[in-house]
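K.L.:
Residue numbers (our numbering), protein chains in the order written: chain A, 1 to 117; chain B, 1 to 114.
Worth flagging that the hints you see were computed from the coordinates, not collected in a lab.
All residues carry an ideal CB built from backbone N, CA and C; glycine is no exception.
Hints are not guaranteed to be accurate.
Stated by the list, open to error - As a list, the in silico SDA-like pairs of lysine to any residue whose alpha-carbon atoms are at most 25 Å apart:
id, chain 1, residue 1, chain 2, residue 2
1, A, Lys38, B, Ala97
2, A, Lys3, B, Leu39
3, A, Lys3, B, Gln41
4, A, Lys16, A, Ala88
5, B, Lys62, A, Thr98
6, B, Lys71, B, Ile26
7, B, Lys11, A, Gly43
Stated by the list, open to error - Which chain A residues face chain B? A few, computed with CB under 7 Å, are given here:
id, residue
8, Phe91
9, Ser95
10, Glu103
11, Lys104
As the list claims (entries may be wrong) - Derived coverage of chain B by chain A (criterion: at least 3 residues anywhere in the stretch with Cβ under 8 Å from a Cβ of chain A; other residues may be distant):
id, segment
12, 35-47
13, 102-113
The residues making up each chain are set out below.
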Amino acid sequence: AQKVTQAQTEISVVEKEDVTLDCVYETRDTTYYLFWYKQPPSGELVFLIRRNSFDEQNEISGRYSWNFQKSTSSFNFTITASQVVDSAVYFCALSEDTNFGNEKLTFGTGTRLTIIP
Amino acid sequence: EAEVAQSPRYKITEKSQAVAFWCDPISGHATLYWYRQILGQGPELLVQFQDESVVDDSQLPKDRFSAERLKGVDSTLKIQPAELGDSAMYLCASSLAYRDNEQFFGPGTRLTVL
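Turn these sequences into a full structure, and let the hints guide you.
P.N.:
Below, the structure is given as structure tokens:
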């Protein structure tokens, strides 16, 4: 079975500090996708990134960057120069093929990030 | 910008009552998902529709939960009777195609069962 582990339950940092959120996954699929979602207090899940298992290049988008390492089954997320608006719960997720022919997302338990002004 | 709509945003009910949640996906999205998110956990898929057909309802507690998408557009998730353990956030998502895993989520319905 597929599994996503986010060992950091809660993180607090002072504004402008850098912070890294860890994600470790388990899968037997050779082709899969990894995701990060942000869930602000309002509740909706906001899509941040999707990464194909064959693309191990790191990605940077503004203050956000992602480090995908297949060798350690990790897909870590770094926020540079954190801001108060970054406070939210962040979920890492893994897509899996099911017996029904669809793809299903398996989510981690989330990391609650608090940025202290 | 197109969004997934859900209503109500909040629902408080007593156990043994019936509740229903509504979702309107992004226009043109053939695939619709209902997730349940218990406090402190990640979302868990309850049911997936492709147009009006159920693709995967393996995690849906069918003794009390039902879902329908009669015209392949909007969808209703029902719980009857509600139990205390059903208190959670119910999220709806949609995607363009059957195996397109880029899902767009609605704001959710937060259910409290007393």
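K.L.:
Run every hint past the structure and note whether it holds.
P.N.:
Verification of the supplied hints:
Between lysine 38(A) and alanine 97(B) the CA atoms are separated by roughly 23 Å; this keeps the pair inside 25 Å, and the hint holds. For the suggested pair lysine 3(A) and leucine 39(B), the alpha carbons sit about 19 Å apart, so the restraint of at most 25 Å is met. Distance check on the hinted pair: lysine 3(A) and glutamine 41(B) sit about 13 Å apart at the alpha-carbon level, within 25 Å; holds. The suggested pairing of lysine 16(A) with alanine 88(A) holds, with an alpha-carbon distance near 16 Å, which does not exceed 25 Å.
This hinted pair checks out: lysine 62(B) and threonine 98(A) have alpha carbons roughly 19 Å apart, not beyond 25 Å. With a C-alpha separation of about 14 Å, the suggested pairing of lysine 71(B) with isoleucine 26(B) holds against the 25 Å cut-off. Taking the CA atoms of lysine 11(B) and glycine 43(A), the gap is near 14 Å; set against the 25 Å cutoff, the hint holds. Against a cut-off of 7 Å between C-beta atoms, the interface hint on phenylalanine 91(A) holds, since the closest Cβ of chain B lies about 5 Å away.
Interface restraint check for serine 95(A): the shortest CB-CB distance to chain B comes to about 5 Å, inside 7 Å, so the restraint holds. Checking glutamate 103(A) against chain B: minimum C-beta separation of about 5 Å stays under 7 Å; hint holds. Hint on lysine 104(A) holds. Least Cβ distance to chain B is approximately 5 Å, under the 7 Å limit. By the rule of at least three residues with a Cβ nearer than 8 Å to a Cβ of chain A, the coverage given for the segment 35-47 of chain B holds, with 6 such residues.
Requiring three or more residues with a Cβ within less than 8 Å of a Cβ of chain A, the coverage given for the segment 102-113 of chain B holds, as 8 such residues are present.
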